[in-house]
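Taken in sequence, the protein lines are chains A and B.
In short: position in the first sequence from 1, add 6, done, that's the numbering used here.
In short: position in the second sequence from 1, add 817, done, that's the numbering used here.
Quick caveat, the hints were computed from the structure, so don't treat them as lab data.
Nothing here was measured: the structure is a model prediction, and the numbers come from that model.
We put the beta carbon where it would ideally sit given N, CA and C, even for glycine.
Hints should not be assumed to be uniformly reliable.
Straight line, CA to CA, 27 Å or less: simulated BS3-like cross-link-like pairs of lysine-lysine [said to hold, decoys possible]:
id, chain 1, residue 1, chain 2, residue 2
1, B, Lys-826, B, Lys-855
2, A, Lys-63, A, Lys-76
3, B, Lys-858, A, Lys-104
4, B, Lys-870, A, Lys-112
5, A, Lys-76, B, Lys-858
6, B, Lys-826, B, Lys-857
7, A, Lys-116, B, Lys-857
8, B, Lys-836, A, Lys-116
9, B, Lys-853, B, Lys-870
10, B, Lys-855, A, Lys-112
11, B, Lys-855, B, Lys-835
12, B, Lys-858, A, Lys-112
13, B, Lys-826, B, Lys-858
14, B, Lys-855, A, Lys-104
15, A, Lys-76, B, Lys-836
16, B, Lys-870, A, Lys-104
17, B, Lys-853, A, Lys-76
18, B, Lys-870, B, Lys-836
19, A, Lys-116, A, Lys-104
20, B, Lys-836, B, Lys-855
21, A, Lys-63, A, Lys-112
22, B, Lys-870, B, Lys-857
23, A, Lys-116, B, Lys-839
24, B, Lys-826, A, Lys-112
25, A, Lys-112, A, Lys-62
26, B, Lys-835, A, Lys-116
27, A, Lys-76, A, Lys-104
28, A, Lys-116, B, Lys-858
29, B, Lys-870, B, Lys-826
30, A, Lys-112, B, Lys-835
31, B, Lys-857, B, Lys-839
32, B, Lys-835, B, Lys-870
33, B, Lys-857, A, Lys-104
34, A, Lys-112, B, Lys-836
35, A, Lys-116, A, Lys-63
36, A, Lys-65, A, Lys-112
Computed list of chain A residues with no C-beta within reach of chain B, every gap over 10 Å [what the hints assert, rightly or not]:
id, residue
37, Ser-36
38, Glu-47
39, Ala-74
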Amino acid sequence: TQLLEQSPQFLSIQEGENLTVYCNSSSVFSSLQWYRQEPGEGPVLLVTVVTGGEVKKLKRLTFQFGDARKDSSLHITAAQPGDTGLYLCAGDLYNFNKFYFGSGTKLNVKP
Amino acid sequence: DTEVTQTPKHLVMGMTNKKSLKCEQHMGHRAMYWYKQKAKKPPELMFVYSYEKLSINESVPSRFSPECPNSSLLNLHLHALQPEDSALYLCASSQDTAGGYEQYFGPGTRLTVT
Chain A
7 TQLLEQSPQF
17 LSIQEGENLT
27 VYCNSSSVFS
37 SLQWYRQEPG
47 EGPVLLVTVV
57 TGGEVKKLKR
67 LTFQFGDARK
77 DSSLHITAAQ
87 PGDTGLYLCA
97 GDLYNFNKFY
107 FGSGTKLNVK
117 P
Chain B
818 DTEVTQTPKH
828 LVMGMTNKKS
838 LKCEQHMGHR
848 AMYWYKQKAK
858 KPPELMFVYS
868 YEKLSINESV
878 PSRFSPECPN
888 SSLLNLHLHA
898 LQPEDSALYL
908 CASSQDTAGG
918 YEQYFGPGTR
928 LTVT
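I would like the entire structure built from these sequences, with the hints used as guidance.
So, in structure tokens, the structure goes:
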């Protein structure tokens, strides 16, 4: 059983559409990170959320950390083909000294 | 600068070969990680080093041997690998292993075992 459940697993949309990716758990995380990865490359850190209820914006990307620090979401507005990639959430639990990854969301934005 | 470097970029090795993967960071981070990633899957944690000491080994077979010569370098020594060990090997670092620190990844080494 995955500690962090990420959904959807796959998403194929047209350019200009909006989308939301979810990362859920029954565990409380001290922080949660979102990454974007292209094939054959390492994951690139997009954002870290630390405070319950926190909302962070990065251009067309909006990240939210749940009040109880158990879940997070990534919303993309007006998706572009350049947003195509594998989106990963990763969280660290108190005192476990490692990061737990969600299963990933493969996003394809068609021009 | 948030750069983690890895060499080589690609590696092809036979099952009887010995090779090493290298990782370097100059951010002053005291935690370093090795991950293995198969296609279309999330990274799987292999090892964690904290302050140059091995703190976590996720039951990795002994044909993978990590080494942390100093706070900036992390190696992964490979010996007698199997074809199923072919994967993207990722190195990462963070300021510490305690909660709330960001983890930065290198570009990875694409390993093929023949």
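Going through the hints against the structure:
no.: 1; hint: B:Lys-826 <-> B:Lys-855; in the structure: holds (16 Å)
no.: 2; hint: A:Lys-63 <-> A:Lys-76; in the structure: holds (20 Å)
no.: 3; hint: B:Lys-858 <-> A:Lys-104; in the structure: holds (18 Å)
no.: 4; hint: B:Lys-870 <-> A:Lys-112; in the structure: violated (35 Å)
no.: 5; hint: A:Lys-76 <-> B:Lys-858; in the structure: holds (22 Å)
no.: 6; hint: B:Lys-826 <-> B:Lys-857; in the structure: holds (19 Å)
no.: 7; hint: A:Lys-116 <-> B:Lys-857; in the structure: holds (19 Å)
no.: 8; hint: B:Lys-836 <-> A:Lys-116; in the structure: violated (41 Å)
no.: 9; hint: B:Lys-853 <-> B:Lys-870; in the structure: holds (20 Å)
no.: 10; hint: B:Lys-855 <-> A:Lys-112; in the structure: holds (14 Å)
no.: 11; hint: B:Lys-855 <-> B:Lys-835; in the structure: holds (21 Å)
no.: 12; hint: B:Lys-858 <-> A:Lys-112; in the structure: holds (10 Å)
no.: 13; hint: B:Lys-826 <-> B:Lys-858; in the structure: holds (20 Å)
no.: 14; hint: B:Lys-855 <-> A:Lys-104; in the structure: holds (19 Å)
no.: 15; hint: A:Lys-76 <-> B:Lys-836; in the structure: violated (41 Å)
no.: 16; hint: B:Lys-870 <-> A:Lys-104; in the structure: holds (14 Å)
no.: 17; hint: B:Lys-853 <-> A:Lys-76; in the structure: holds (26 Å)
no.: 18; hint: B:Lys-870 <-> B:Lys-836; in the structure: holds (22 Å)
no.: 19; hint: A:Lys-116 <-> A:Lys-104; in the structure: violated (36 Å)
no.: 20; hint: B:Lys-836 <-> B:Lys-855; in the structure: holds (20 Å)
no.: 21; hint: A:Lys-63 <-> A:Lys-112; in the structure: holds (21 Å)
no.: 22; hint: B:Lys-870 <-> B:Lys-857; in the structure: violated (31 Å)
no.: 23; hint: A:Lys-116 <-> B:Lys-839; in the structure: violated (37 Å)
no.: 24; hint: B:Lys-826 <-> A:Lys-112; in the structure: holds (24 Å)
no.: 25; hint: A:Lys-112 <-> A:Lys-62; in the structure: holds (22 Å)
no.: 26; hint: B:Lys-835 <-> A:Lys-116; in the structure: violated (43 Å)
no.: 27; hint: A:Lys-76 <-> A:Lys-104; in the structure: holds (16 Å)
no.: 28; hint: A:Lys-116 <-> B:Lys-858; in the structure: holds (22 Å)
no.: 29; hint: B:Lys-870 <-> B:Lys-826; in the structure: holds (26 Å)
no.: 30; hint: A:Lys-112 <-> B:Lys-835; in the structure: violated (35 Å)
no.: 31; hint: B:Lys-857 <-> B:Lys-839; in the structure: holds (24 Å)
no.: 32; hint: B:Lys-835 <-> B:Lys-870; in the structure: holds (23 Å)
no.: 33; hint: B:Lys-857 <-> A:Lys-104; in the structure: holds (21 Å)
no.: 34; hint: A:Lys-112 <-> B:Lys-836; in the structure: violated (32 Å)
no.: 35; hint: A:Lys-116 <-> A:Lys-63; in the structure: holds (23 Å)
no.: 36; hint: A:Lys-65 <-> A:Lys-112; in the structure: holds (20 Å)
no.: 37; hint: Ser-36; in the structure: violated (3 Å)
no.: 38; hint: Glu-47; in the structure: violated (6 Å)
no.: 39; hint: Ala-74; in the structure: holds (16 Å)
The structure is inconsistent with the numbered hints 4, 8, 15, 19, 22, 23, 26, 30, 34, 37, 38, although it conforms to all the rest.
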